[in-house]
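S.K.: Now for the letters of each chain:
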Amino acid sequence: MSKSAYSTPGKKGKFDKHIIVVWVDNESGVLARVVGLFSGRGYNIESLAVAEVDAKLNISRITIVTTGTPQVIEQIKLQLRKLVPVHKVADFKREDKNVIFKEMALFKLVGNISKRKKAFNACKKYNAVILDKTNKSYVVQVTALRREIDIMSKNLKKLGLVSVSRTGAVAMTRGAETFK
Amino acid sequence: MSKLSTGAEIVFKCLEDQNVEFIFGYPGGAVLPIYDELKNHNSIKHILVRHEQGAGHAAEGYARSSGKPGVVLVTSGPGATNVVTALTDAYMDSIPLVCISGQVPTHLIGTDAFQECDTTGITRPCTKHNWLVKDIKDLPKIIHEAFEVATTGRPGPVLVDIPKDIQFQKTTYSKPKRKKKLNGKRHNNFNQNDIDELIKLMSKANKPIFYTGGGVINSGPKASTLLRELVDATGFPITSTLQGLGSFPGDDNSFLGMLGMHGTYEANNAMHDCDLMINIGARFDDRITGKIDEFSPKSKKVHIDIDPSSINKNVKVHLPIIGDVQDVISSTLKTIKKIKPNFANSNKQKISKWWEQIQKWREKKSLDYINSTETIKPQYAVQRLYELTKGKDTYITTEVGQHQMWAAQHYKFDKPNRWMTSGGLGTMGYGLPAAVGVQIAHPNKLVIDIAGEASVLMTMQEMSTAVQYNLPIKIFILNNEYMGMVRQWQELLHDKNYSESYTAALPDFVKLAEAYGCVGIRATNPNELDDKIIEMLNTDRPVIFDCLVDKQENCFPMIPSGKPHNQMLLGPKDQEQNKITGKGKTLV
Numbered sequence: 001m002s003k004s005a006y007s008t009p010g011k012k013g014k015f016d017k018h019i020i021v022v023w024v025d026n027e028s029g030v031l032a033r034v035v036g037l038f039s040g041r042g043y044n045i046e047s048l049a050v051a052e053v054d055a056k057l058n059i060s061r062i063t064i065v066t067t068g069t070p071q072v073i074e075q076i077k078l079q080l081r082k083l084v085p086v087h088k089v090a091d092f093k094r095e096d097k098n099v100i101f102k103e104m105a106l107f108k109l110v111g112n113i114s115k116r117k118k119a120f121n122a123c124k125k126y127n128a129v130i131l132d133k134t135n136k137s138y139v140v141q142v143t144a145l146r147r148e149i150d151i152m153s154k155n156l157k158k159l160g161l162v163s164v165s166r167t168g169a170v171a172m173t174r175g176a177e178t179f180k
Numbered sequence: 001m002s003k004l005s006t007g008a009e010i011v012f013k014c015l016e017d018q019n020v021e022f023i024f025g026y027p028g029g030a031v032l033p034i035y036d037e038l039k040n041h042n043s044i045k046h047i048l049v050r051h052e053q054g055a056g057h058a059a060e061g062y063a064r065s066s067g068k069p070g071v072v073l074v075t076s077g078p079g080a081t082n083v084v085t086a087l088t089d090a091y092m093d094s095i096p097l098v099c100i101s102g103q104v105p106t107h108l109i110g111t112d113a114f115q116e117c118d119t120t121g122i123t124r125p126c127t128k129h130n131w132l133v134k135d136i137k138d139l140p141k142i143i144h145e146a147f148e149v150a151t152t153g154r155p156g157p158v159l160v161d162i163p164k165d166i167q168f169q170k171t172t173y174s175k176p177k178r179k180k181k182l183n184g185k186r187h188n189n190f191n192q193n194d195i196d197e198l199i200k201l202m203s204k205a206n207k208p209i210f211y212t213g214g215g216v217i218n219s220g221p222k223a224s225t226l227l228r229e230l231v232d233a234t235g236f237p238i239t240s241t242l243q244g245l246g247s248f249p250g251d252d253n254s255f256l257g258m259l260g261m262h263g264t265y266e267a268n269n270a271m272h273d274c275d276l277m278i279n280i281g282a283r284f285d286d287r288i289t290g291k292i293d294e295f296s297p298k299s300k301k302v303h304i305d306i307d308p309s310s311i312n313k314n315v316k317v318h319l320p321i322i323g324d325v326q327d328v329i330s331s332t333l334k335t336i337k338k339i340k341p342n343f344a345n346s347n348k349q350k351i352s353k354w355w356e357q358i359q360k361w362r363e364k365k366s367l368d369y370i371n372s373t374e375t376i377k378p379q380y381a382v383q384r385l386y387e388l389t390k391g392k393d394t395y396i397t398t399e400v401g402q403h404q405m406w407a408a409q410h411y412k413f414d415k416p417n418r419w420m421t422s423g424g425l426g427t428m429g430y431g432l433p434a435a436v437g438v439q440i441a442h443p444n445k446l447v448i449d450i451a452g453e454a455s456v457l458m459t460m461q462e463m464s465t466a467v468q469y470n471l472p473i474k475i476f477i478l479n480n481e482y483m484g485m486v487r488q489w490q491e492l493l494h495d496k497n498y499s500e501s502y503t504a505a506l507p508d509f510v511k512l513a514e515a516y517g518c519v520g521i522r523a524t525n526p527n528e529l530d531d532k533i534i535e536m537l538n539t540d541r542p543v544i545f546d547c548l549v550d551k552q553e554n555c556f557p558m559i560p561s562g563k564p565h566n567q568m569l570l571g572p573k574d575q576e577q578n579k580i581t582g583k584g585k586t587l588v
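These protein sequence lines map, in sequence, to chains A and B.
With the numbering used here, the residue at position 65 of the first sequence is 65, and numbering never jumps.
With the numbering used here, the residue at position 490 of the second sequence is 490, and numbering never jumps.
It should be emphasised that the hints constitute simulated quantities derived from the structure, not laboratory data.
Where hints are given, some of them may not hold.
To be verified - Below 20 Å or equal to it, Euclidean Cα-Cα: the simulated SDA-like pairs (lysine to any residue) are: (1) B:179 - B:203; (2) B:185 - A:11; (3) A:11 - B:286; (4) A:97 - A:176; (5) B:185 - A:23; (6) A:14 - B:315; (7) B:185 - A:59; (8) B:185 - A:84; (9) A:82 - B:469; (10) B:291 - A:13.
What the hints assert, rightly or not - Short derived list, chain B residues pointing at chain A, Cβ under 10 Å: (11) 185; (12) 289; (13) 493; (14) 563.
For each residue, glycine too, the CB sits at the ideal point set by N, CA and C.
So here's chain A without its partners, still in its complex pose (with noise of 0.2 Å):
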């Protein structure tokens, strides 16, 4: 007989990816209840993104990556739409060819000259933009998606990275619909 006065964890099911977007009063608080509601049910988070889109109507857009059964990404949606600042909830699943996915990184690069070319042509491929550059450094601009972020910065290791700072992802739809 079990001992637990509760009962034991039943099967799991399959973690699928999921993009979930949120639009939210811009008000003091609103991110910590989101982000209340996934630490306190157990939920994942992956990556955030959070600003205002709309000052006049004051929303902000929250943009969250997390893994979970379909059973879970379907509670996160339906207990994110309960939450009363939150208007609409919009989920993608991260193989929809519908919807971009983008990420933002930073990457600064120190070392002579060949090196940080070197590292500058092998970012070229994702709209590498220098925003700083000194006779020993680059800070590069990249945008690309997590997986490739994770690439390269563990490929620019050798070629003088020394810093990374990115963000978590953003996502929207292709094509003149916008989400109702």
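Model the placement of chain B on the given structure of chain A, informed by the hints.
M.R.: Coordinates of chain B only, in the frame set by chain A:
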């Protein structure tokens, strides 16, 4: 120019416009301006409790028994932290509470000022929503919105934190504006197709069951009336969760008793074997489902709930119907009357075998116990209390533990809002202050807290509140000197290692009653029990009734955790029989 009012005045104007009659509270530095204003508002009566947790539970009892939101007023810091248990309790059991807390002045927030705490931060996970008022202009709107959030959809607690300087500042008051929906949140989201689908499932079912919960109570008394009509119109059996007791008459033949961990044999087996489960306003809580993977494996499941996030949270259902229970049942009844006016009769034959099976389970008499002429069995005490108070329209509250389950099993309710118990959070110490709140809402009714001696000591100080306001509540303590449910688990699952579950020093409850200025009565054997209960009922003052019961008695039947519904542990009578057939103490 319109008249300016202070923040404190606005608080009361809002409460007046929300038809609030009672506030449960405790004063302190950060709410003094509000307490100063109290004298100017005669329609609102303040009930002074002895601890803020008591204020919260009293407001819960008030809300649960009256259908109106309970209002709590506490100071900053410890005032707010003390009310957290009650807020969480209300959140788990969907009780509408509006808690107003004082806060240190805005310029001191964040400085670790005296009696400062991050009240909105602490209460964020245990309220539906909370607000820190930083601008006096927002105050009227926020308080009105607080009432709206607390009482609409799935009800629950909210908190408004008002810094002391805001209570002094002035602005113009504005009346509440009723909004259709808040940020696009709708409460009824079903259509006729859902109802048609439900009726299709109902007419196909051979082994149907209604599984009803607190949502029926929260939907209002009309929902309970409609539920009775629905059971009549279908002839289906019905079981209820702990929170749903009273929405259907407990002594009706269609009622299988409570289900779940300490539910009846017939209710749990019917849940396990049914082919159609219609969940009305319940939430597939783990005390109900047992082992999820083996929960009612062969049934189609319908879930009627006002909260979309309750759907598929614990158990996957075939047909979700999102809406207010009253509206859904009403639509269902209308449709049945239109297309199958003779549903119950035509269906009788089809489900007769099912009823026969249920009858067989019933014959187990799973609530039976071995009575004694020497000691008072706790079940017997509850049964006698029921028999002697039946027909008096009694309101029952409970604490948490064995006594709570015995009350749920043996006290039969026939009306909603008569049963107040802490189900979700399981808060020991809930029942006494809840009884205070119930008696405030129903001054001329009989209000009894069926208590355990360990639980009741957690909020015993509220007896003083009961005496102050002449509230003749009856605290009926089933005193076994143990934390009974803890002791039971230790006996059954931890090799009788009764670690810290015995209270070696208890107060003399009769003397304690006298010390509080109320009446103490003690019953020590079954022969005197009836007379003592009658003495209690005839006392028009608060009573503490110390009922000395069997110390070893366990609460059966029981589904051990992690077991499915058809593997119940039955009581000693059945265990004896099993010994004869050589099965021993195995699971039935």
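S.K.: Indicate, hint by hint, whether the structure satisfies it.
M.R.: Results for each hint:
1. Annotation: proposed proximity of residue 179 of chain B to residue 203 of chain B is violated, straight-line Cα distance about 39 Å (limit 20 Å).
2. Between residue 185 of chain B and residue 11 of chain A the alpha-carbon distance is near 33 Å, which puts this suggested pair outside the 20 Å criterion.
3. Between residue 11 of chain A and residue 286 of chain B, the direct Cα distance comes to roughly 15 Å. Compliance with the 20 Å bound is thereby established for this hinted pair.
4. Between the alpha carbons of residue 97 of chain A and residue 176 of chain A the distance comes to roughly 15 Å, so the proposed pair stays at or under 20 Å and holds.
5. For the hint linking residue 185 of chain B to residue 23 of chain A, the alpha-carbon distance of about 14 Å falls within 20 Å, and the restraint holds.
6. Distance hint between residue 14 of chain A and residue 315 of chain B is fulfilled; the C-alpha atoms sit about 17 Å from each other, no more than 20 Å.
7. A hinted pair counts as satisfied when its Cα atoms are at most 20 Å apart, and residue 185 of chain B with residue 59 of chain A qualifies at roughly 17 Å.
8. Of the pairs offered as hints, the one joining residue 185 of chain B and residue 84 of chain A holds, with about 8 Å between alpha carbons and a cut-off of 20 Å not exceeded.
9. Restraint check: the Cα-Cα separation between residue 82 of chain A and residue 469 of chain B comes to about 39 Å, which exceeds 20 Å; the hinted pair is violated.
10. With a CA separation close to 16 Å, the supplied pair residue 291 of chain B and residue 13 of chain A stays within the 20 Å bound.
11. Of the supplied interface hints, the one on residue 185 of chain B holds, with its beta-carbon coming within about 7 Å of a beta-carbon of chain A, less than 10 Å.
12. The interface hint given for residue 289 of chain B is met, as the beta carbon of that residue sits about 8 Å from the closest beta carbon of chain A, less than 10 Å.
13. Hint status for residue 493 of chain B relative to chain A: holds, with the closest Cβ pair at about 5 Å, below 10 Å.
14. Taken as an interface hint, residue 563 of chain B checks out: its beta carbon lies about 8 Å from the nearest beta carbon of chain A, inside 10 Å.
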